[in-house]
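Enquirer: Each chain is listed here by its residues.
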Amino acid sequence: MARPVIEVEHLYFAYENVPVLEDVSLTVCEGEFVALIGPNGAGKTTLLKILLGLLPARRGKVQVFGRPPEDLGPLRHRIGYVPQLSHFDPHFPITLGEFVLTGRYGLIGVGKRPGRSDWEAVEKALEAVHLLHLKDRLLGELSGGERQRALIARALSVHPKLLLCDEPTTAVDPKSHESFYELLLRLKREGVTILVISHDVGVIAQYADSIACLNRTIFCHRRPEEVISGEMLEALYGKEAAFFHHGDVPHIVVRREKNEGGPGAL
Amino acid sequence: MSVFGLAFMQRAVLAGCIVGALCALVGVFVVLKRLSFMGAGISHAAFGGVALGYVLGIHPVVSSFVFCLLVSLGIATLAKHRRLKEDTLVGIAFASTMALGAFLIGVAKIRNVDLFGYLFGNILAITREDLLLALVLSGVLLFFLLFFYKEFVMVTLDPEGGKASGIPVEAFSYLLVALVASVVVVATRVVGIVLASALLVLPAATALQRARTIPQAMLFALIDGVSISLAGLFLAYLFDVPAGATIVLLGTGVFLGVFIFSSSPRRG
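Sequence lines, in order, name chains Z and F.
Taking this note's numbering as reference, the numbering of the first sequence is continuous, increasing by one, and the terminal residue is 266.
Taking this note's numbering as reference, the numbering of the second sequence is continuous, increasing by one, and the terminal residue is 268.
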């Protein structure tokens with residue numbers, strides 16, 4: 001079996017005294033494409049931030065590339081991170097090319113200047129998301145979908161071995177979802193390990209190797225067809241959610257939002 | 001005899017240009033990172049610093065410099081607590097440091113202090129030391145902006161992503177706050193405690209309405225900052241009006257002008 005890239009065992013995390021993750025265990029092996037699904041407030045983004053070393057695990061073991069996330073050394077630069085789009089001020093005065101380059105700032109090193117190879121990597125990343133022609137446009141002049149692709153290009157600019165995406169298709173119009181997941185599949189074929197947070201259960205089930213269901217704890221991590229059988233999704237999203245099946249692929253419709261808004265926007 | 005023949009006027013013009021430039025450059029990051037209120041809080045802390053200097057027998061420029069640095073870094077440290085908000089802390093520091101200044105001046109019965117000069121600026125009071133401090137600070141600021149430009153961009157644009165990619169963003173946020181505090185203290189010498197934060201924010205806010213990129217914003221702000229400082233000093237000399245107030249009013253005029261005549265204002 002391939003080497004594990006992400007190993008989480010019995011992870012516990014709380015904001016102040018509000019537990020967010022309890023006894024979370026998850027293994028993602030090299031070259032795997034795993035989708036992480038779960039309701040709002042389930043702790044999906046928190047888990048990603050712990051993997052990135054942005055938040056400390058309170059208890060349990062977390063390893064990325066076989067090392068603790070806060071002590072990755074140069075391996076840190078082999079992680080591509082796609083944060084949520086809402087995280088950014090869309091009017092920040094920066095061109096698309098410069099924005100994608102910021103993905104390489106850590107790799108370039110403190111106090112050093114970007115060189116030609118950095119700009120070549122930026123152009124390659126922009127080409128992969130079909131935005132190269134907009135390189136000199138301002139971030140604020142791009143559409144929501146284009147900005148989302150810019151975020152993905154930014155993560156790709158470091159030639160990642162591990163790609164962590166937090167709801168990467170929220171602002172992309174549904175028609176482009178498929179081309180986005182095709183891009184992920186291409187990366188997977190190149191050996192990139194991928195973990196994607198998504199609400200897009202229906203679409204992602206067609207691409208991911210497995211789906212992990214998170215609601216404070218991972219209570220199932222199986223092949224997509226086993227997860228989307230219905231009962232599992234009902235257990236995850238609650239009885240308020242209805243599932244419309246198109247063929248084998250369910251779409252989640254939340255009828256009531258009673259169960260939403262757990263411990264803050266996580 | 002020309003205006004520039006006067007020694008105090010020479011110093012004022014030089015200090016005005018340097019301070020205008022310093023404020024403009026660092027101001028771009030201040031506006032983008034929403035540190036404007038922090039700037040105002042820091043400049044008011046200078047009042048407490050000056051009073052402390054008088055009481056302790058330290059040069060007031062030195063005492064206010066150290067005091068403002070400590071206050072600003074203190075705010076930045078406490079603001080990391082989840083239950084404390086930065087603007088609340090600035091609001092508290094703003095008032096308490098002014099209160100400290102007034103209290104100390106009252107207790108120590110200091111009478112020979114030019115309070116109005118400290119509050120609203122007094123170009124006649126600009127000393128050689130002030131000028132030297134401004135020059136040294138220019139060197140320091142240019143060094144940091146030149147070598148750590150991309151780190152400051154990351155701290156402003158996406159601190160979390162920066163941290164994830166291994167950039168010591170916390171250290172650079174503190175550095176940015178320390179630079180802002182230093183620049184503000186020097187600015188209080190020219191336009192006064194009350195008006196210093198305006199000089200920090202106005203040229204940058206004006207520039208960011210039109211600039212496409214950060215370097216462009218810095219250039220626009222630099223031109224604006226130096227121009228209003230020079231023009232303000234001149235007008236103040238010609239019409240015998242307070243220089244600090246004239247500079248700030250000119251800056252506000254340019255800001256409003258750009259805002260009104262911008263067909264598509266992006267930021268403000």
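Hint data in this document are derived by calculation from the structure and do not stem from the laboratory.
Keep in mind that a hint or two might mislead.
[Claimed, not checked] Some chain F residues close to chain Z (C-beta under 7 Å, calculated; not the full set):
1) 143
2) 154
3) 157
4) 163
5) 167
6) 209
7) 213
8) 217
[Unchecked claim] Using C-beta positions, here's what the derived DEER-type ranges look like:
9) Z:124 with F:83: 43 to 49 Å
10) F:83 with Z:58: 54 to 60 Å
11) F:147 with Z:75: 22 to 28 Å
Ideal placement from N, C-alpha and C gives every residue a C-beta, glycine not left out.
Enquirer: With reference to the structure, classify each hint as holding or not holding.
Expert: Here's how the hints hold up against the structure:
The beta carbon of residue 143 of chain F comes no nearer than 11 Å to any beta carbon in chain Z, farther than 7 Å, and the hint placing it at the interface is violated. A cut of 7 Å between beta carbons decides the hint on residue 154 of chain F: the least distance to chain Z is about 5 Å, and the hint holds. The restraint placing residue 157 of chain F at the interface with chain Z holds, with a minimum CB-CB distance near 6 Å, inside the 7 Å limit. At a threshold of 7 Å, the smallest CB-CB gap from residue 163 of chain F to chain Z is about 6 Å, leaving the interface hint in force.
Restraint check, residue 167 of chain F versus chain Z: the minimum CB separation of about 5 Å is within 7 Å; hint holds. Interface restraint check for residue 209 of chain F: the shortest CB-CB distance to chain Z comes to about 10 Å, outside 7 Å, so the restraint is violated. Checking residue 213 of chain F against chain Z: minimum C-beta separation of about 5 Å stays under 7 Å; hint holds. Annotation: residue 217 of chain F was flagged as interfacial toward chain Z, and the flag holds, the nearest CB pair being 6 Å apart, inside 7 Å.
Between residue 124 of chain Z and residue 83 of chain F, the C-beta spacing of about 45 Å keeps the proposed range 43 to 49 Å intact. For the hinted restraint 54 to 60 Å between residue 83 of chain F and residue 58 of chain Z, the CB-CB distance of approximately 19 Å leaves it violated. For the hinted restraint 22 to 28 Å between residue 147 of chain F and residue 75 of chain Z, the CB-CB distance of approximately 26 Å keeps it satisfied.
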